[in-house]
Amino acid sequence: MPLAKRIIPCLDVDRGRVVKGIRFLELRDAGDPVECAQAYDRAMADELVFLDITASHENRKTVLEMVEKVAETIYIPFTVGGGINSIRDIRDLLAAGCDKVPINTAAIYDETILSEASARFGCQCIVSAIDCRKQGPNTWEVYSHGGRKPCGRDTITWAKRVVELGAGEILLTSMDRDGTRQGYDLELLRAVTQAVNVPVIASGGVGTLQHLADGILTGGADAVLAASIFHFGEFKIHETKEYLAQQGIPVRMS
Amino acid sequence: MLLIVDYGMSNLRSVAKACEGLGAEVTVSGDPGRIELAEKLILPGVGAFGHAVAELQSRGLIAPLKAFVAAQKPFLGICLGLQLLFDSSEEAPGISGLGILPGKIARFPGLPGLKIPHMGWNQLSIIRKECPLFKNVPDLSYAYFVHSYFAAAAECTIAAECTYGVRFTAAAWQNHIFGVQFHPEKSQATGLKILKNFIDLKASQC
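Each protein sequence line maps, in turn, to chains A and B. According to numbering that gives the first Met the number 0, numbering within the first sequence proceeds without interruption in unit steps and concludes at 253. According to numbering that gives the first Met the number 0, numbering within the second sequence proceeds without interruption in unit steps and concludes at 205.
Just to be clear, a hint being listed does not mean it is correct.
With a cut-off of at most 20 Å between alpha-carbon atoms, the simulated EDC-like pairs for lysine to aspartate or glutamate come out as follows [to be verified]:
hint	chain 1	residue 1	chain 2	residue 2
1	B	16	A	34
2	B	192	B	138
3	A	68	B	19
4	A	133	A	34
No lab work stands behind these hints, which were simulated from the structure alone.
Assemble the whole structure, with the sequences as input and the hints as a guide.
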């Protein structure tokens, strides 16, 4: 079997608490990031992403404490992001125990953060998070500030650039699809996965298991990220992997 | 005492916590004087080969690490820590590794569709089932990898292989010297079993 495709649940965190919680029967406290992480570790998620949606300066300490606790509890890789804008932020997060950090807005305004971080910490831990919206046929515009601000850049050009700068992975979110449950923007995904030779995580729009399969088979994604379909107990990770395996997608079952 | 060598090239929390959870008495330190006091040693590491060698040099760790190996005590290199055991790396031409195992570190070939880094869960083909690290670890177990370079080890030192465009060394083994390219501390039950096997190792078994 080749390298397994990764299934990545994404958790939104606000002031150290998981937003909206996770509807898993076995959880005592559905808002506790450590409990949620453990539940996904047991369920055989391949990796986890935490997004700090507050991302304020005052909140940094809370996030770092959360990272430390999660790192001591689970034995799968995890990514923590949201509002990272300096080498120091990256260093603090990695030192607290997370494996990868996504950099988004900061790189758009000063791309040297990617090259510096990659040279210093290794490209394997530097993820370039790209949020974008469709602009026209085969063109998508990059947005900063959590998808709120258009920044006049073409997504494909930017994706190639972040790889040159040293990003080891791309987390690609379609703002058009995010929250719609209509499936990934497969054209966008295909355009990016064909343009770069680093792994690409598909994000934004998952509503069914077939959407995950499409992201991999049609979009060429190396990993698929989803939130609501996992958190609300709609689909279990194991069931998801069985579904993908039936379509010939390599997944880690045990 | 199990010493986890801190030379600024890795987050050591996961490795240390995993080993402690498995019952080891763990010390995390970058003090060269601590190395000879250790019974077992883990050399972790992520990042660039050249930078890692420079860090080991500037902290005065190279000679103590070589002396530890010469004393026949169990040594485990993880990821970059495995790569450092070899002579040299294409990542840093002209810079010598520890030279403890024969072979060199090569970059994955630029094949169409082969994403670099090799990142994610891949299967271990256990070549030498008698290797103590793989006791009770089934063949084709998944482990978590993240790397752009791999060890082209001498045939006789390959304990497990993995395939990603090419077949490469997933685990190297020679007597009391072990190295794994994957991250056991990020490989769930499989990884914890491998760490446990290392922790339980008696010097006489090597």
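These are the hints, each one checked on the structure:
1. 16(B) x 34(A): holds (17 Å)
2. 192(B) x 138(B): holds (13 Å)
3. 68(A) x 19(B): holds (15 Å)
4. 133(A) x 34(A): violated (37 Å)
Hint check: a violation occurs at hint 4 only; the rest are consistent with the structure.
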